[in-house]
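Enquirer: Got chain X sorted already, so can you dock chain Z onto it with the hints?
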Amino acid sequence: MHLKQDKPDNRNVLDTTAQGVIGAPLTRPEGLLKVTGTATYAAEYEVEGCLEGVLVSVPIMSGEVLSIDEDSVLAMPGVVAVISDERLTGRAAQGTAGEAPFQPAQTVCYWGQPVALVVAETFEQARDAAKHLVIETRAQDVPVDPEKVDTKVEETTRTGDLAHAMAEAAHSVDVEFTTEGHASAAMEPHAAIAQWQDDSLTVHASLQMLKFNRAELADSLGLKEEQVRLVSPYVGGGFGSKLGISQEAVAASLAAMHLGRPVRVVMSRQQVFQTIMRRSETHQRVRLAADNEGRLTGFGHEARVSNLPGESFAEPVLQSSQFLYAGENRLLQLEIARIHRMTAGSVRAPGEAVGVQTVEQAMDMLAEKAGIDPVELRLRNIPEKHPANGKPFSSRKLAEALREGAKAFGWEPRPRKPRHTREGEWWIGTGVASAARVHAVVEAKARVTLRPDGTAVVETDMTDIGTGTYAILGQVAGEMLGLMPDDIDVRLGDTDFPAGSGSGGSWGAASCGSAVFLACEGLRKKLAERLKVADDGLTLKDGFVRWDGGEKALTELLDGKPLDATGHFEPGDSTEDMAISSYGAFFAEVAVNHWTGETRVRRMTGAFGIGRVLNARTARSQCLGGMTWCIGNALTETLLFDPNDGHLVNCDLAEYHVPVNRDVPDLDVLLLEERDGSASPIQAKGVGELGLCGGAGAIANAIYDACGARVFAYPMAPNRVLAAMPQN
Amino acid sequence: MRPFDYQRAERLAHAAQLTAQSDTLALAGGTNLVDLMKLQVETPQVLVDIGRLPLGTIEAEGDGLRIGALVSNTDTAVHPRVRADYPVLARAILAGATQQLRNKATTGGNLCQRTRCYYFTNIDQPCNKREPGSGCGAIDGIARIHAVLGASTHCIATYPGDMAVAMAALDATVEIASENASRSVPVREFHRLPGDTPERDNVLEPGEIITAVTLPAPVGGTQIYRKVRERSSYAFALCSVAAVIDLADNRFTRADLAFGSLAHKPWHDPRLADLLIGKEPSLALFDKAADLLLEDTQGYGENDFKIPLARRTLAAVLCEATGVEA
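Heads up: the protein sequence lines correspond to chains X and Z, in order.
The first sequence begins at 1 in my numbering and counts up one residue at a time.
The second sequence begins at 1001 in my numbering and counts up one residue at a time.
Since the hints were made in silico from the structure, they are not lab data.
Nothing here was measured: the structure is a model prediction, and the numbers come from that model.
Please note: incorrect hints may appear among the correct ones.
[Unchecked claim] Computed beta-carbon distance windows for the label pairs:
| id | chain 1 | residue 1 | chain 2 | residue 2 | range |
| --- | --- | --- | --- | --- | --- |
| 1 | Z | 1171 | X | 423 | 31 to 41 Å |
| 2 | Z | 1199 | X | 134 | 23 to 33 Å |
| 3 | Z | 1199 | X | 158 | 57 to 67 Å |
[What the hints assert, rightly or not] Once the Cα atoms are required to be at most 35 Å apart in a straight line, the calculated DSBU-like pairs of lysine-lysine come out as:
| id | chain 1 | residue 1 | chain 2 | residue 2 |
| --- | --- | --- | --- | --- |
| 4 | X | 34 | Z | 1104 |
| 5 | X | 34 | Z | 1038 |
| 6 | Z | 1104 | X | 131 |
[Unchecked claim] To list a few chain X residues with every Cβ distance to chain Z over 10 Å, as calculated:
| id | residue |
| --- | --- |
| 7 | 1 |
| 8 | 27 |
| 9 | 77 |
| 10 | 150 |
| 11 | 223 |
| 12 | 302 |
| 13 | 312 |
| 14 | 328 |
| 15 | 642 |
| 16 | 723 |
Cβ atoms here follow ideal geometry from the backbone N, Cα and C, with glycine treated the same way.
If we strip away everything but chain X, and leave its shape as in the complex, we get:
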């Protein structure tokens, strides 16, 4: 079955089927393997005769490699080769690039760029030799500080006259914010094992989007795609950092091709931090103009981000600002500074993860000026149609999320006045923020096979990066085929399977779920043809097929032969005709220490509308993860770059502070069921990223409500809170 979705699918087929497993909070089929350490991750395959490679970086911020003295290490124990092939890549590919990232690696653009690979019999030998490899470079001075270079406008949306609206406004806010760079900080480091045999390359790797990664790797190496097979059934976290092929996979492949032996390359934690995508730091200005009742007449959001020269990605800070709130006079402008820090790319909800929280702080300031409850102010400013392009909204649970979330949290609906509650040394406060994230779907294929014994197999090169893909694809197929998910074998992460969407941009569930759905529709059609009944007249449940006038066991109908169908989903006009996004709301309670400015989140509620919920357990888990990132984003996470040579100084998990267990209190998640037929044929939208789009703003607003410190710089570390805290 092929569907290019040009119009909404409001049939809600999954509500009419009989199995009753869609949406159920089922556990992950692969969960036991993961918690017992028996799920095999990329670096863990036992491959006979495997050599070990270690990437060699150079400590210059820009310049050329003049020479690499292989003889400096070739005599060392166990050393087999130094790979300095000009096909080595110095950077990772951007998400969905589908082509080689920047080559050759010997042209250095940021501090710590890998330029060669040392291969030895053991990892220890390779690591030692990597430190001894003599590399001659010519360095040049380049800008590393985004505050000190000229910027170029990337994108502008202008309607009406914002300056005039600001001047005429009854209440206005004009504030600037900064956010620091972030790392994806996935637990599993980037790793690959490459095997080259009979002109074919097989790579076990940790990657998010195999269809694109295969093209990127083939292009990097000068191979045909058909010569490359990627295997990535388990991924120990991606968060954007494994969207594109990265240096270790290309290096391992080249080494395997040169040496004719398998080669494993695992990045050190420091290399992951220093060479994989960062989220750009941002400098933002938010302007809000409102009338007496707090209704927006003007909305401005400007941002400066950075990237390496030549990189196409610009952190899309303004993405949801385009449509979240009303205001007829609008100015949105994104500028980019070209500097020599490692590549900026997709890290956990690019754009909204840093763009919504600033708007949400500004909205809070506006609520205070207008003397309106912050929840009410937001409700008053939900636009009727997309403010820039006039498109209708397909589905939107923003108002419900604000209302239901407020109820669940115990929000007191009143204008806020800070410093109202003190418990010993601690100021206590609460804050709210809206959540928004643009919806996306991408082309995806999946094959579903009914086996003669009445079980089924789902196959796609889709990945599960910890999100629950194995579970939800089994549920979609089970619901459609009348089988329990236990009877469905979901096979992922292998380019030998039909090409899925990959995991990224929260699109995996809706895209690949739709491909599986279409394959199952194809199977239902084939079954109906055998029975000579209309396919919408079939009821499939518990391995039986029922129709008006009869019932047969599925096994009987299959008659000893497998039956398969491939689903092929393509986005079409339906996603163009509508403004499709996921929405929600965050409520946070914090305690801020009067003496030290330390902030601890005491509780947090998130209410989210994500279209159809495919699995209530894994969807909730995604939201919990997002809200945990909100805490890190708000309070601790920051990439620190040396001002002189631009190197990243805090490049391990001891010094780059993601939240620890003790930082994360009970988090309450409300999933607001909705159906969005424009978003996908299974009426699902994305969930993975929404949970971190705005929540740091709720924490910021709670800090202000607690102690009166309005902090304009993220993360809101103790020193920044103290500096902003009124002293009396």
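Expert: Frame of chain X, contents of chain Z only:
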């Protein structure tokens, strides 16, 4: 990591003899040393495993307590006498690292823990502590976690630990043995200031092994360890205060204070006790104590915040100990 020889010391004298050799380091819990070896910050040719030496017990010593050098941080923190008589030490240890690390880290190893300075741990950056004469990357770089007291133009690194800060407040003593001799050094004098030899963190000489830390007889009082940090666990202090405070007739009779993450050593300034003892607690008095403590501070931009933070943390601790309302 450079290849190295591994030797296991069976006796203390043997360990001392071995570690007297050049490029030789003692290995206890390894939680710091092995990480630094992987980064090639430490490149010993020989590692002497002292893990089997009989230094793993906690025993009464007079009215005090003797904690063997190989007692794990966890065992020290949960020891009934430590919890009853030296709660500031138990609290300081539990404020540090993670459970897994505390299970492996030892008393002696923790005292020898090296700085977290970002430039020290990156061998492609200049660092006078790692490579004397190469310069200091931190002074003009990212100095967020660096010293505001007692630094030099050669080094602004801090001693990052928690345990030793409490030991400094308690006026504990480090027992040190070499092949033919032994000596005792107060914890307050064990770590050094960087001066022009920042490569030396402490007063240990080659061939010297820490055998124990001795705590004096318990003094009671209110014991507090206050650690300020961005996240609530597994983070080094931005600033910490260890305090042993006693009052009689609403006047200070004891005010033993030590400060962490402000200097190259746990910072103890005897003038604070002199100022406080005999006086009635008040916010004004706490401010004077902070003035004294912070008389000679120097910030390096990014870490300027530590100066007011130390003032406020000291006040917080003294308020908590004395009941003075903020």
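Enquirer: None of the hints should be skipped; say for each whether it holds.
Expert: To see whether the hints hold, each was checked on the structure:
| no. | hint | result |
| --- | --- | --- |
| 1 | 1171/Z / 423/X: 31 to 41 Å | 35 Å, holds |
| 2 | 1199/Z / 134/X: 23 to 33 Å | 26 Å, holds |
| 3 | 1199/Z / 158/X: 57 to 67 Å | 59 Å, holds |
| 4 | 34/X / 1104/Z | 26 Å, holds |
| 5 | 34/X / 1038/Z | 28 Å, holds |
| 6 | 1104/Z / 131/X | 28 Å, holds |
| 7 | 1 | 49 Å, holds |
| 8 | 27 | 27 Å, holds |
| 9 | 77 | 8 Å, violated |
| 10 | 150 | 25 Å, holds |
| 11 | 223 | 34 Å, holds |
| 12 | 302 | 27 Å, holds |
| 13 | 312 | 29 Å, holds |
| 14 | 328 | 42 Å, holds |
| 15 | 642 | 5 Å, violated |
| 16 | 723 | 7 Å, violated |
Hint check: violations occur at hints 9, 15, 16; the rest are consistent with the structure.
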